[in-house]
Amino acid sequence: MPDARVQSAIDHWAPRFTGAGVDYNDFVRTTSAVERWEDWLDAWDGLGDRHAELAREAEALERRQTAADAWLRAAVAYHFGKFVWVVDPDRYRPVHEKSVDAYYRAHRLLGSGLERVEVPLEDTVMPGNLRTPDGVEQAPLVVLVPGLDSTKEEFFYNEESFLRRGMATFSLDGPGQGESQYELALRHDYEVAVTAGLDTLEGRSDLDFDRIGIVGVSMGGYLAPRAAAFEPRIRAVVAASGAYKRVQIYDDLPPLNRETFIRKTKTANADEAREVAVQMDLEGVLDHMEQPALFVTGDRDRLVPWQQTEAQAKAAPNGHFVLIEGGTHVVSNFPYLFRPLISDWMREQLVA
Numbered sequence: 014m015p016d017a018r019v020q021s022a023i024d025h026w027a028p029r030f031t032g033a034g035v036d037y038n039d040f041v042r043t044t045s046a047v048e049r050w051e052d053w054l055d056a057w058d059g060l061g062d063r064h065a066e067l068a069r070e071a072e073a074l075e076r077r078q079t080a081a082d083a084w085l086r087a088a089v090a091y092h093f094g095k096f097v098w099v100v101d102p103d104r105y106r107p108v109h110e111k112s113v114d115a116y117y118r119a120h121r122l123l124g125s126g127l128e129r130v131e132v133p134l135e136d137t138v139m140p141g142n143l144r145t146p147d148g149v150e151q152a153p154l155v156v157l158v159p160g161l162d163s164t165k166e167e168f169f170y171n172e173e174s175f176l177r178r179g180m181a182t183f184s185l186d187g188p189g190q191g192e193s194q195y196e197l198a199l200r201h202d203y204e205v206a207v208t209a210g211l212d213t214l215e216g217r218s219d220l221d222f223d224r225i226g227i228v229g230v231s232m233g234g235y236l237a238p239r240a241a242a243f244e245p246r247i248r249a250v251v252a253a254s255g256a257y258k259r260v261q262i263y264d265d266l267p268p269l270n271r272e273t274f275i276r277k278t279k280t281a282n283a284d285e286a287r288e289v290a291v292q293m294d295l296e297g298v299l300d301h302m303e304q305p306a307l308f309v310t311g312d313r314d315r316l317v318p319w320q321q322t323e324a325q326a327k328a329a330p331n332g333h334f335v336l337i338e339g340g341t342h343v344v345s346n347f348p349y350l351f352r353p354l355i356s357d358w359m360r361e362q363l364v365a
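My numbering numbers the first residue of the sequence shown as 14 and each following residue consecutively.
One or more of the hints may lead you astray.
[Claimed, not checked] For lysine to any residue, the following SDA-like pairs were computed, each having C-alpha atoms within a straight-line distance of at most 25 angstroms:
1) K327 <-> D300
2) K279 <-> Y170
3) K258 <-> E285
4) K258 <-> R287
5) K258 <-> A283
6) K327 <-> R246
7) K258 <-> R248
8) K279 <-> Q151
9) K327 <-> Q261
10) K258 <-> D212
11) K258 <-> F222
12) K327 <-> I262
13) K279 <-> P268
14) K258 <-> V298
15) K327 <-> P245
16) K258 <-> V205
17) K279 <-> I262
[Claimed, not checked] If you anchor each label on the Cβ, the simulated ranges turn out as follows:
18) R76 <-> A283: 41 to 51 angstroms
19) R77 <-> Y37: 22 to 32 angstroms
20) E150 <-> R104: 39 to 49 angstroms
21) E66 <-> D202: 17 to 27 angstroms
22) D212 <-> E338: 35 to 45 angstroms
23) E70 <-> E303: 49 to 59 angstroms
24) G124 <-> Q292: 36 to 46 angstroms
25) V99 <-> D62: 45 to 55 angstroms
Don't read these hints as lab results, they were simulated from the structure. Values in this document were obtained by computation on a predicted structure and should not be read as measured data. Each residue gets a CB set at the ideal place from its N, CA and C atoms; glycine is no exception.
Can you build the whole structure from these sequences, using the hints too?
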């Protein structure tokens, strides 16, 4: 029988795994074999290694598409091994590096044109992945913002949804996220990261800087509208399952989430982390966000009550709220509703 943390990961995030590219059968096999949370990382690391081996075998036979697909599966397997696993930092980082490497290997085989862009911030850099659509000379740009434990490697299918509609994507590992977490702490004023990212990209001939959108999921559903309120170059905003006042939900979050928040904020304990959560407050901030904004969540969200996201929409002068019946956190259990909704809406703001 799985321990409480293993069961919590399954209960809260199962649809997210499969929506990001984990095969359902792999998910069932892997989670059913794990009883102790301490063993979670090794189980998913092993799955990632198996897909990496399949990728290498396909490459040896010059089967590029098969190899790319396997590398994508490896990338998300490694990612979900470590996503909220903060038991041992020395074991966490090598698995994270394998996820990043597998993701780039997949894109090289796909010939997707993905470009790694390193954004300077505070004596270090924040890595981001830029992708541009085929056949568009100067594409609108959509900045994709992860949440507390998601990374740019989780965004392949979200990126595809925008790319197919003629928009470029820039998936950013901001402070406390993905590759940036080792040097930069998660912070409430995420506009610092977004502004730095746009400054780095500005002037490119393949991007239209008069048409910039931003999309944030989960904690990114707080970070994205916060950034938009202070960054006038952003023309449209999508926020999914974000909190209006994070401190109001902080004590009710699962232990895995709170432990990860402590690690990502680089605080010493739950009390110090709670003070960071207090700062993550959109009251008085969204009043200044004049851009059209779509706020989306599900009425079965167990992490961020839907009323929090509704409060965001009510506070935004041009906010529109969509509640998906039966939807879980970030509507992960209805990807065929969520992705078209946000990408079509964004296209209507930036392209149509």
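- Task: Could you check the structure against the hints above and give me the numbers of any it violates, in ascending order?
- Result: Hints 2, 8, 10, 11, 21, 25 are the ones this structure does not satisfy, whereas the remaining hints hold.
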